[in-house]
Amino acid sequence: MTALTVAGLTLREASRRRVIWALAALTVVLLALSAWGFSKLVGLNSDLGTMTSGEARLVASILLNLIMFGMSLIAAIGTAFLAGPTLAGEVESGQALAILARPVRRSHVLLGKWLGLVSFGCGYVLLAGIAQFLVVRATVGYWPPDPARGLALLAGETIVLLTLALLLSSVVSPMASGIIAVGLFGATWVAGIVGALGGALGNDGVERVGTVSRILLPTDGLWRGAMNAFQDPRALLQMGEGQQGFPFLSESPLTSTYLMWAVVWIAMIWGLTALSFMRRDV
Amino acid sequence: MASAEAAGVREVTSVAGSAAELLAGLPPSPAVWCSGLHKRYGRQTAVQDVSFTVARGEVLGLLGPNGAGKTSVIKMLLGLVRPDAGEVMLLGRPSSDPRSRSAVGYLPELFRYQPWLTATEVLALHVRLARVQVPEQERRDCLAVVGLSDRAGDRVGGFSKGMQQRLGLAVALVARPELVVLDEPTSALDPIGRVDVRDLVLDLKARGVAVLLNSHLIGEVERVCDRVVILDKGRVAASGTLAELLGQREVRLRLDGLDARAHDRLRSAGSLTRSGDWFTVALPSEDDGVTVPDLVRDLVGMGVRVHAVEPVRISLEERLLGILRHEDSAPRDAAAPGAGS
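In the order they appear, the protein sequences are chains A and B.
Counting in my numbering, the first sequence runs from 1 upward without gaps.
Counting in my numbering, the second sequence runs from 1 upward without gaps.
Please keep in mind that the hints were generated in silico from the structure rather than gathered at the bench.
Beta carbons: idealized from backbone N, C-alpha and C, even for Gly.
Each hint should be verified, as a subset may be incorrect.
[Said to hold, decoys possible] Below, a sample of chain B positions facing chain A; criterion: calculated Cβ distance under 7 Å: (1) V81; (2) P98; (3) R101; (4) L110; (5) W116; (6) R128; (7) V132; (8) V134; (9) Q137; (10) I192; (11) R194.
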């Protein structure tokens, strides 16, 4: 009951503070630009002549992944910066005092905040993702092989990041928590690329950088799984050996063990946040 | 067999009935009971061995200088700050149980409400969190009581500080509380607002709602509180009813024609101070009804001309300053630390 009330309040905050409108405007711009870009792909003449259908699929896959990355970035930054102020900011400003003095458990308040942010982040990923798929389909006729799995993994990536931002916001200032969360998100992505390059070059040590970072923060791992679901499987064959280490194509789908780890990671971080929030003096 | 079972059931029922009667016969648990509260922030001890009680329907004033630990104590009572040691019971339940706050209204010293909500929505939110059913009209009345009925549909973000504090009062009152905790409720209010708050506290008192009032405005506290707890450096410096705390009375007399005998007579009534023609005698706290008339009669009998006799009552402010500056001449307590109820 408390959790649902607080979740509703969090969503209302996102709407009233115009976060939703800002994200919607950004997304529309991104969709319009991508529609324009994809439309130029049709019948594109390269130096070597008109693209074959295989080449067009490869380019469409890469571009779709690139744009979806942009969207995941918007979702990640949006939720991370919303997550920080929503908990730590309320404690700092004193808004939390009147609420926590009610007959509520802090863990329920936290759950409500988290549920509100999860609905917001996942809702955004689903709507913006589907809109993007439709744009790509309308312009170049490409439809990703497993859109539902891809969007679910992208939503998972958003959940991972907002859970981390909530934990950080319970120990550092609201703004710092957003910056650190987004910074870690970017660092893990770069580490993932470095690891993939290490794999392509046969350097185990460098490859391990990507593996370890993906375990420490599952955003990049989930993102790679999502890319794999969005891209045409034949695109990898088309690109051949040279695709290894390329940031906008993914070699293999995620293992169920990794997905389990991501769930455990979220539960663990949530538990730590709850513990920290319950012990905190407000 | 069946009749034995029936007899057993009757017996259990009657035991349960008598237990319920026994419980019903007990006096209600205090609105607030706290014992041995301690809190440290790093090396700084904020609260040390604070114990007091607020009875049902009683108005208790919490007084003390800045940094005395008043707000920390209030936050510990409400579960907002974890005490390092000590126990708290609110309305008969331990404060670790969130239900202990079901019938508690709270206006924090730092009053901030969701700026993106309207005043009506803030009240609706708090009613939901308190899990009580409060009809729409009653919520509107609550806003009207604090003078915000005209701004009910406006977003809190556009409110002045004073209006936000008024909204905070409405939030504290909206969920039909049995205990209201007001932490500096008039800090952002104009003089009219202060009078409103005083009337509001008196109204709560008349309705049997217990109030814990932390205020710097000693005059307000003196007017509305039944009892006072004075905190200093995190400890209870004194506590008791106003009569107990302000027990020291004085009488000022303007006299001339005094001889040594008259001086001795004055000194025998209480400690004496003189300023020109004016003599001030500190009297025992209990008014026995004869000390002052007998003194005047004896002085007149000794040929002293008595121009004026004025009773002087020590104000709470003077008493508070006396306690905080350790110039204590009146009985310290009413009120050794912990002697709250």
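Hint validity - Q137 (chain B) Cβ closer than 7 Å to any chain A Cβ: violated (22 Å)
Hey, does the R101 (chain B) contact hint survive, CB to chain A under 7 Å? holds (5 Å)
Return the status of the interface hint for V132 (chain B): holds when the least beta-carbon distance to chain A is below 7 Å, violated otherwise. Hint violated; V132 (chain B) Cβ to chain A Cβ min 10 Å, cut 7 Å.
Can L110 (chain B) be said to touch chain A, with a Cβ gap under 7 Å? holds (3 Å)
May I ask you to test the interface hint for W116 (chain B) with respect to chain A, counting a Cβ-Cβ separation under 7 Å as satisfied? holds (4 Å)
When the least beta-carbon distance from R128 (chain B) to chain A is tested against 7 Å, hint result: Nearest chain A Cβ about 5 Å off; hint holds.
Any CB of chain A closer than 7 Å to the CB of R194 (chain B)? With a closest approach of 21 Å, the R194 (chain B) hint is violated.
Using Cβ atoms only, decide whether V81 (chain B) comes closer than 7 Å to chain A, and label the hint accordingly. With a minimum Cβ separation of about 4 Å from chain A (threshold 7 Å), the hint on V81 (chain B) holds.
Let's test the interface hint: is any C-beta of chain A closer than 7 Å to that of P98 (chain B)? holds (4 Å)
When the nearest CB of chain A is found for V134 (chain B), is that gap smaller than 7 Å? violated (13 Å)
Hint check: is the beta carbon of I192 (chain B) less than 7 Å from a beta carbon of chain A? violated (24 Å)
Going down the numbered hints, you'll see the structure goes against 7, 8, 9, 10 and 11, while the others check out.
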